[in-house]
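Asks: Take each chain as given, in its own frame, and dock them per the hints.
These protein sequences, in sequence, are chains A and B.
Using the numbering used here, you'd call the opening residue of the first sequence number 1 and step up by one each time.
Using the numbering used here, you'd call the opening residue of the second sequence number 1 and step up by one each time.
Hints listed in this document are in silico derivations from the structure and should not be mistaken for laboratory results.
One or more of the hints may lead you astray.
[To be verified] To spell it out: a stretch of chain A is covered by chain B in this simulated footprint if at least three of its residues, at any positions, have a beta carbon under 8 Å from a beta carbon of chain B; those stretches are: (1) 220-234; (2) 319-329; (3) 378-388; (4) 402-411.
[As the list claims (entries may be wrong)] With a straight-line Cα cutoff of 25 Å, these simulated DMTMM-like cross-link-like pairs (lysine to aspartate or glutamate) come out: (5) Lys215/A x Glu117/A; (6) Lys470/B x Asp568/B; (7) Lys470/B x Asp325/A; (8) Lys215/A x Asp305/B; (9) Lys470/B x Glu51/B; (10) Lys494/B x Asp169/A; (11) Lys215/A x Asp539/B; (12) Lys215/A x Asp271/A; (13) Lys494/B x Glu397/B; (14) Lys153/A x Asp169/A; (15) Lys153/A x Glu51/B; (16) Lys153/A x Asp262/B; (17) Lys494/B x Glu188/A; (18) Lys153/A x Asp213/B; (19) Lys153/A x Asp195/B; (20) Lys470/B x Glu397/B; (21) Lys153/A x Asp213/A; (22) Lys153/A x Glu188/A; (23) Lys494/B x Asp542/B; (24) Lys215/A x Glu58/A; (25) Lys153/A x Asp210/B; (26) Lys153/A x Asp207/B; (27) Lys153/A x Asp355/B; (28) Lys215/A x Asp177/A; (29) Lys470/B x Glu420/B; (30) Lys153/A x Asp193/B; (31) Lys494/B x Asp177/A.
Predicted, not measured: the structure shown is a model, and the values here were computed from it.
Every residue gets a Cβ at the ideal spot worked out from N, C-alpha and C, and that includes glycine.
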Amino acid sequence: MKPRPIALLVSFAVACDGAAPPPGPGVDVPEGPCGHALFVVATDYQSSSVSVVGWGGEVLSAGMIHSGTEQAGLSVALSGDVVAPTDRVGAGQLLVLDRYPASVATLIDPVEAAVTEQVNVQTGFASNPQDAVFARPDALYVSRYERNPAPGKVAFDAGSDLLVVTLPDAAITGRVDLGPAMVGAPAEILPRPGRMVARGGLVYALLSAYSADFKTTGDARVAIVDPEADTVVGHAVLAGARGCSGLAASPSGARLAVACSGTFGGTGTPDLSGAGVVVLDRGVDGSLVESRRFDAAVFDGEPLSFTLDFVAEDALLVSTFGALDDTGAALRDDRLLEIDLTDGSVRELLRSAGEPFTLGDIRCGAACGACFVADAGRGGVQRFSVEGGRVGAATFHAVDDGTGLPPRYLGAY
Amino acid sequence: MIALLWGALSAAGVARRAHADEDAAIEVDVRGDALPRAGEASIPSTTIEAEDLRWPGRSVAESLARVPGVMIARTGGASELTTMTLRGASSAQTPVYLAGVRLNDELYRAADLSTVPSFFLRRVDVYRGHAPVELDRAGLGGAVLLEPEVPRGTRAMAGVGAGSFGSRSYFGGASLGSDAVGVAFAVRRDSTDGDFAYVDDRGTRFDESDDRDVRRRNGDARALDAWGALRVRLGPRGVWNTVVNAFTRRQGVPGLGVVPADRARAESERALVGSRLAVGCGGAASDACTISASTFVKRTRYQLDDPERELPFGTTRQVITTTSTGGQVAWGDTPLSWLDVRAGLGEAIEGLTVDPIGPEQSHAQRLSLRAFAESAARPVPWFELRAAASLSSERTESPGAGDLALSPAARLGASARPAEWVEPFAAIAYYTRVPSLGELYGASASFLGNPALTSEAGPSADVGTRFRAKNAYVDFGAEVVLFGRLASDLIEYKRSAAGTVRPYNVGSARFLGLEALAAAEVVEHLELDATVTFNDARDTTDGRTLVNDRLPFQAPWVATAGAALDFDDIQPVEWVSGARVGVGFLYRSPRFADPAGLVSLPSQVLLDADAGVELARDMIAVQVRVTNLLDDVTTDLVGYPLPGRGAFAEVTGAWP
Chain A
1 MKPRPIALLV
11 SFAVACDGAA
21 PPPGPGVDVP
31 EGPCGHALFV
41 VATDYQSSSV
51 SVVGWGGEVL
61 SAGMIHSGTE
71 QAGLSVALSG
81 DVVAPTDRVG
91 AGQLLVLDRY
101 PASVATLIDP
111 VEAAVTEQVN
121 VQTGFASNPQ
131 DAVFARPDAL
141 YVSRYERNPA
151 PGKVAFDAGS
161 DLLVVTLPDA
171 AITGRVDLGP
181 AMVGAPAEIL
191 PRPGRMVARG
201 GLVYALLSAY
211 SADFKTTGDA
221 RVAIVDPEAD
231 TVVGHAVLAG
241 ARGCSGLAAS
251 PSGARLAVAC
261 SGTFGGTGTP
271 DLSGAGVVVL
281 DRGVDGSLVE
291 SRRFDAAVFD
301 GEPLSFTLDF
311 VAEDALLVST
321 FGALDDTGAA
331 LRDDRLLEID
341 LTDGSVRELL
351 RSAGEPFTLG
361 DIRCGAACGA
371 CFVADAGRGG
381 VQRFSVEGGR
391 VGAATFHAVD
401 DGTGLPPRYL
411 GAY
Chain B
1 MIALLWGALS
11 AAGVARRAHA
21 DEDAAIEVDV
31 RGDALPRAGE
41 ASIPSTTIEA
51 EDLRWPGRSV
61 AESLARVPGV
71 MIARTGGASE
81 LTTMTLRGAS
91 SAQTPVYLAG
101 VRLNDELYRA
111 ADLSTVPSFF
121 LRRVDVYRGH
131 APVELDRAGL
141 GGAVLLEPEV
151 PRGTRAMAGV
161 GAGSFGSRSY
171 FGGASLGSDA
181 VGVAFAVRRD
191 STDGDFAYVD
201 DRGTRFDESD
211 DRDVRRRNGD
221 ARALDAWGAL
231 RVRLGPRGVW
241 NTVVNAFTRR
251 QGVPGLGVVP
261 ADRARAESER
271 ALVGSRLAVG
281 CGGAASDACT
291 ISASTFVKRT
301 RYQLDDPERE
311 LPFGTTRQVI
321 TTTSTGGQVA
331 WGDTPLSWLD
341 VRAGLGEAIE
351 GLTVDPIGPE
361 QSHAQRLSLR
371 AFAESAARPV
381 PWFELRAAAS
391 LSSERTESPG
401 AGDLALSPAA
411 RLGASARPAE
421 WVEPFAAIAY
431 YTRVPSLGEL
441 YGASASFLGN
451 PALTSEAGPS
461 ADVGTRFRAK
471 NAYVDFGAEV
481 VLFGRLASDL
491 IEYKRSAAGT
501 VRPYNVGSAR
511 FLGLEALAAA
521 EVVEHLELDA
531 TVTFNDARDT
541 TDGRTLVNDR
551 LPFQAPWVAT
561 AGAALDFDDI
571 QPVEWVSGAR
581 VGVGFLYRSP
591 RFADPAGLVS
601 LPSQVLLDAD
611 AGVELARDMI
621 AVQVRVTNLL
631 DDVTTDLVGY
641 PLPGRGAFAE
651 VTGAWP
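So that you can see chain B by itself, here it is in the shape it has in the complex (with noise of 0.2 Å):
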């Protein structure tokens, strides 16, 4: 069940977030009163926590698709090129974080959700409509950051898991260490032949006779990924994570689903080290004073082998690497029992290398400056003020090429508890996003970069309320927002000459929508959740000649639903000591495929069930998961099928 976010008993201080994260660190496990939230409360974020994120068959993208505004873009099976909107904003638009490092490439600055899987997790926030300050990218929809996990205690834990399309994992991991440090451990192995069945209709939509039963070809992939992560207490107000993560997947790229690709092979690897520090500064008499600190290195290589050119990529192979390091500072206080501030320094190196195609600036670089500050105002104790800005400077070069640009970011915000059972909220803003090095300066030998573009940007604003009661049996909280985005000098591919097409500062849009999200858990055991989102998504670009104006791929309804009995702690039958059983529905409506309004791709209907038990004093863990129960024939993008029932189970040990 997705975690609401709503306020706290007593508003969190942005000072006090060391203290957050020590929390974390310690992971009590609390029920009732508070549920954590994702950050402050004048924006709205959802959380998806770990017993949400970590069922057998259930890819990170299969759960952001159940967040408001979330919109998720597949291409085949898991292992397939998997992308995200949020609120309208493209997967270009929409940074995702992994242990704080953003996966969003250089090239397209897409992030393949694909590639993380969900077995370390421990909670995924998703900030939709106004990421973070403190990230160096301020999406133009917000933000998603995943979370892995830190170690707890010692433990051991180790499982196996099969399912449907030649799905199979091992995996295992452990902790060990103390309330003062603690190291983890772990590594899972995921493989499936990725061999769904699909109707090829071979192109003919005008005649179903020659139409096809057939099964995905060259879909398979072995992948193995590995964490390690350290936690260190340093001192009463002081803590000290650091993640290493190591991803490598080989895989079939399987293309479009009426010309399959048999022998088009791909690689992708990635290597991240961050490193987050948090520790108390000043007197006993300034304990919200804290220093933060964090510093992180990435590499990416994915590797294309068409040698028969059945992709259209025009090479028969393509290397991309991307490489990335950096570093930030951040000091915080409490100056005024009423006031929180908060001010920091951050910068970063990217590369971008494509290799061997390409034009000749196929060699990248960006060097990224950027300075930020926040504060919160609580002129009474149930009302909050706060504000926010950054400034990043941009500089990037290519051989034969530079440039030098500014991007400013900011935000204000407010938040009230007049009383127990309402937090109205509102927040204004105006985010940018840079080009990537692959719009700036060429992606292939037919995409031509454009040195000469700048940022897209527009404001964005956000009214809601959020609700809450509870009493001896029932738990409940909701949240209803509004919102509205617009976003100019948005970047387009145009044909610039014969066989080329290069990408320009064309467009605009107009976002508004409706969020609505309810959560109750009903006697300890039973779980709700549902949600409702609308979004109106324009193309409101000068000179525009289409009559359809409504932005493809943007359902304009999307509804979720959940239910769930959850007996943690059966006793005093201790041989069984949890249970529970769940189900999960998704409804998307239809939506454009094309600008013109032509092509509606049709509404998915989408039901998951689960069911899980928990033997011998929670040592042992059976999982089963069913996906898409009802079958549903359905597709995210025209020419790409995607997998119709399937079943997966996993079995885990855990000691103690």
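Okay, chain A solo, but in the shape it has when bound (with noise of 0.2 Å):
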């Protein structure tokens, strides 16, 4: 917005102070076995920040794109709904996704710490995008999580699917359609697609299943994606697994794991019938088997969260969420445990500190050694080394990026 030059004149306003902290330098992470580095994403749910962590846990860019790095306008750089990609991001950028009401994918040179490219992916509907992943080296899928309501007025607006945006030029130029993997669904059940991984030349997206109102559900599913073809190619159903956010790929890609909050139901109190951690082995086609399932009495009845890892090929990270009393002071700490898929031992590794749903992203890089949890309740990251598959000592790292927002969300790139 120019300045005009009234307002220059009759400016005697001090300027609201406090301004924001000056933006993280551009860092050049050499690429190493888990990439180049991490990111994290701060947020208070009304404005985020977005930093750059090395696998050792040290803070390289603190603040390098935050909600504040341009002028508000009728949007704001980035809102308080932004997150990151599950699977690593390639070609050695950060993307995040702001979700609602923007529906942008933000692609950001760490190097340069400036924003390369911004897609919008309404397609004239607030589509709220919820992950981003390279399907091709050239072309990023987008997955929309909300239907529109009015399609066929703009090209690929139909929504509940997975956008085609090829790259670099940030165009538009195709959809998947979700539709062959809900067969057998309730006419009324839409695919809702949220996280993604590439595995073996495919794409695995997770399908939540929620009516347009959200008041019914379906069974979760997983969609599998050719992206050669950009055309839906097999699905498997989670047979009772219900409010399924979390999605992760086992090192070797041989296995994925989704994670089942259950349902809330408008209430308070979920309803954890259809929660728990589902295990899927990968065939050589590509297809997908479940092979272990557990369920929410593993976890004493607590609701799993919307993230997990894989530390090895046989263990998992997950976390559970807390609760709030009547008067907001805590009743219950989010937890986040291990889970040895050879034995379905659950260790606790971890609580919440001071407030529940502030354990937030869980990302592991095994051939690096380490896994990583969002910390917002203690201002940083806990970084935990890996040692023998398993979950070993734990060494907390602040974020500190001058605005004191809590760190939520873990990309890589």
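Replies: Written out as structure tokens, the structure is:
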């Protein structure tokens, strides 16, 4: 917004003191076995800040990009609803998704500490993008949670699909219809795609399967997409699984895991009958077969959170949600748990500090011997060493970008 | 021009309020020495008179925006949701009364100022920081009273208007009566296309290449506002006023600028009846004794239809219905020549229904019982000490839940008039805000309730001085106020489970500020006014981690200025019997839009100009007004575009 002469003439006011902290510097991190580095999205759901953290836990650039990086107008640079992709972002760039209402995917060059591309994935409606994955070296899939209430006005505007964005020009060139993955589901159940991972030349998209009004849920599914044809080539039905939002792939890609929270149904007490962790074996042909399931009872009846990751081929890190009492005080802590897939044992590793709903994204780099958990309650990330395929000691690393925003999401590039 | 409030030549006592109401009912046009004030001298207040309210294209919100301490938040055109904050107190903490009936709903407690057309208002009183004790809600930052017309003599008027964005209006009214009894009615129909232009940045602030100029879609509105008023004089010391208002509006709900909703529609309805009675009591020797009574009934209904779920409410239809009724009786007297006393009791029943969505408790009710008292002592003629207190018992009920809470409030104030030209004053007080029914029992499937909520509360203090000077050429007045306020147990929503949030009493805040205002009338034709407000609003919540503590949406600096040439009663050229031309300026400094202080909304510079001429002995009035003359591209809230420059005109015929 350009300054107006009269505003300058009459502007005797002191601008807001406590102006936004200076942005973090650009960083050139060599690519290693786990990629370049991690990036942390800190947010209080009203504004956000992105920092770069090394796999050793060191903060390389605090607040590289944030909600105030550009002057606010009708929109802001980054809203408070910003998340990181599940899969590591290729091409050496950071990628964040501004979900609602902006529906924008933003690519960031960490060396220049500058935004290189912004892609509006609305196609005429608030599509609520949830994840992005490099389906091909020159194309992104962006999962769009919402269905367009009035499609047919703009190309590729149906929604509840995977949008194809071709790089480097960031052009929307197609969509993946997820209808074939919903075969057998009631008609009112929409796919509602969320997290995605790309393994073995295929893209796997988690479908949470809610109706348009969220009052009805269906069995969660995983759609299998051929990125060469941009079509669904298979799917797996997670019978009985509800509220599934977490997806992870094992280091070799031979397994996928899904975390399900159950259904909240508009009350403070969720129905945990469909909650738990589902482990799927991935076949040579890319198909998925359920091999193991851990229901809510394994986690003492606590709802699973939206995130999980493989420590190793036979170990998972998951977290459960805590709860608040009527005064707003912590009634139950979030818990970080390790699941041994060989014997089904569960081990508690960490609890939230102060308030529940503060343990955030989980991200592991088996090749780097480390797992991270965003810890909003403590203002940083917890780094766990991985030894012998199991989580070891934890060290806390504060992520101080000068704003005090709590770290919640983790990405990797 | 905003009329300043300062002490009259003689301090108006509490028990003399009935006479003040009578005077206002008679509508004597007084110029010169004294200007009416909204309340006692020990608290700051601002009155906006009808001549400043009734301009084409000027909303109540725009008039209030020029009052010190007021921040307006618009979501689009004049027919879209508009709320206000007062000295940092949120819209939920700022009660707004129309004809003595509180407009704040029981869902989120906000009052939508866009539902109050100004055409039948004769006055707006803004109590900055301290509300009159007889109001059923003492807002943490003050209160706003919108007063409708009272019948005055026999006259009729009708008019038409048109303006930018497809605005059209048709209105008419009449009053009939004498000094003893009067009745008036008026009706106004407003319509607008609401299709103002704005720049859609498509959510990509780092990329201007995809920005596009668009027009607001689905912003149309059709509103009908009807009023009836009855005034009956009851003997030499009594008056009875009754007001009936029906308002209805059908409109599009365009939502956010980057993802406009094309099919969402809403219907708003309001019906209220307010009746106020004041009579003298006691014998002739105690002619200050007054008994006053009031009663009201109000029903509102808001229906939102979102067939395509374009809005983020998760439903295709929602109907919110509120009902409220209540009454109050008060007695006032001057038992001693230097002492005024007043006491009263009040009750109200309020209900809220959210249908068809919502948690189990979608029906809720509140029963309030209230007692209040105040006194004013004048140990010497130039000094007044005032005390006021109230206690409210609030019982709320919803299926499966209920609660009883007590809400106290108290105030102590003083004012002095050691010389004609100066009047220092001060007040300290303690106020509370009870949670709304929506906060207690839930507003939607995602916004749950918390029956354990307690009242927000906090102390406040004001210190100020008024100045006045008058000679044959200039009538000048000014006021400077320093204020401070603390607020605790503030209600904030926090995640309580996956997909839901609940309110909790976890917040606290501190407010410090300065309000300075001045006005002058030069040679009876040139009117000047200016205000400067400084507000330092800070979040003091325990355990907060954010570095920034400045509260969002509170501009540190707000300045206004106005000038007008008013030639009333031009003679001898009677075919042009009056003329007026004026400009108004408002500046609002940059302010944060988020608690972290990262998002800074740019400053706002708004310049309005108006002109009017009265013809044929005031029988015909032509008014034109240009808003946002500089076409400032501005926003009060991120995501909601606001109109640029607009022009509006009205022609009104009146008889006699």
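Asks: Give a verdict on every hint.
Replies: For each hint, the structure was consulted:
1. Counting residues of the segment 220-234 of chain A whose CB falls under 8 Å from any CB of chain B gives 0; the rule of at least 3 is not met.
2. Coverage of the segment 319-329 of chain A by chain B holds [criterion: at least 3 residues with CB-CB distance below 8 Å; count 6].
3. For the segment 378-388 of chain A, the assignment as covered by chain B is violated, since 1 residues bring a beta-carbon within under 8 Å of that chain's beta-carbons and 3 are needed.
4. Only residues whose C-beta sits within less than 8 Å of a C-beta in chain B count toward coverage, and the segment 402-411 of chain A has 5 of them, enough to reach three; the restraint holds.
5. Distance check on the hinted pair: lysine 215/A and glutamate 117/A sit about 37 Å apart at the alpha-carbon level, beyond 25 Å; violated.
6. Annotation: proposed proximity of lysine 470/B to aspartate 568/B holds, straight-line Cα distance about 20 Å (limit 25 Å).
7. A distance of roughly 62 Å separates the Cα atoms of lysine 470/B and aspartate 325/A; the hinted pair therefore is violated under the 25 Å criterion.
8. In summary, the hint linking lysine 215/A to aspartate 305/B is supported, as the alpha carbons are separated by about 18 Å, within the 25 Å threshold.
9. A C-alpha spacing of about 22 Å is found between lysine 470/B and glutamate 51/B, which places the hinted pair at or below 25 Å, so the restraint holds.
10. For the hint linking lysine 494/B to aspartate 169/A, the alpha-carbon distance of about 40 Å lies beyond 25 Å, and the restraint is violated.
11. This hinted pair does not check out: lysine 215/A and aspartate 539/B have alpha carbons roughly 37 Å apart, beyond 25 Å.
12. Our distance criterion of 25 Å between C-alpha atoms is met by lysine 215/A and aspartate 271/A, whose separation comes to about 13 Å.
13. Distance hint between lysine 494/B and glutamate 397/B is fulfilled; the C-alpha atoms sit about 23 Å from each other, no more than 25 Å.
14. As the CA atoms of lysine 153/A and aspartate 169/A are separated by approximately 23 Å, the hinted pair is consistent with the 25 Å bound.
15. Proposed proximity of lysine 153/A and glutamate 51/B is contradicted: the alpha carbons are some 49 Å apart, above 25 Å.
16. Annotation: proposed proximity of lysine 153/A to aspartate 262/B holds, straight-line Cα distance about 13 Å (limit 25 Å).
17. As the CA atoms of lysine 494/B and glutamate 188/A are separated by approximately 31 Å, the hinted pair breaks the 25 Å bound.
18. Distance hint between lysine 153/A and aspartate 213/B is fulfilled; the C-alpha atoms sit about 19 Å from each other, no more than 25 Å.
19. Under the criterion of a C-alpha separation no larger than 25 Å, the hint pairing lysine 153/A with aspartate 195/B is consistent with the structure, at around 21 Å.
20. For the hint linking lysine 470/B to glutamate 397/B, the alpha-carbon distance of about 57 Å lies beyond 25 Å, and the restraint is violated.
21. Restraint check for lysine 153/A and aspartate 213/A: the C-alpha separation of about 23 Å stays at or below 25 Å, so the hint holds.
22. Annotation: proposed proximity of lysine 153/A to glutamate 188/A holds, straight-line Cα distance about 23 Å (limit 25 Å).
23. Taking the CA atoms of lysine 494/B and aspartate 542/B, the gap is about 15 Å. The hint holds against a cut of 25 Å.
24. Annotation: proposed proximity of lysine 215/A to glutamate 58/A is violated, straight-line Cα distance about 44 Å (limit 25 Å).
25. Restraint check for lysine 153/A and aspartate 210/B: the C-alpha separation of about 18 Å stays at or below 25 Å, so the hint holds.
26. With a CA separation close to 24 Å, the supplied pair lysine 153/A and aspartate 207/B stays within the 25 Å bound.
27. Under the criterion of a C-alpha separation no larger than 25 Å, the hint pairing lysine 153/A with aspartate 355/B is inconsistent with the structure, at around 33 Å.
28. Taking the CA atoms of lysine 215/A and aspartate 177/A, the gap is about 23 Å. The hint holds against a cut of 25 Å.
29. Between lysine 470/B and glutamate 420/B, the direct Cα distance comes to roughly 10 Å. Compliance with the 25 Å bound is thereby established for this hinted pair.
30. For the hint linking lysine 153/A to aspartate 193/B, the alpha-carbon distance of about 23 Å falls within 25 Å, and the restraint holds.
31. Straight-line distance between C-alpha atoms of lysine 494/B and aspartate 177/A comes to about 36 Å, which puts the hinted pair past the 25 Å bound.
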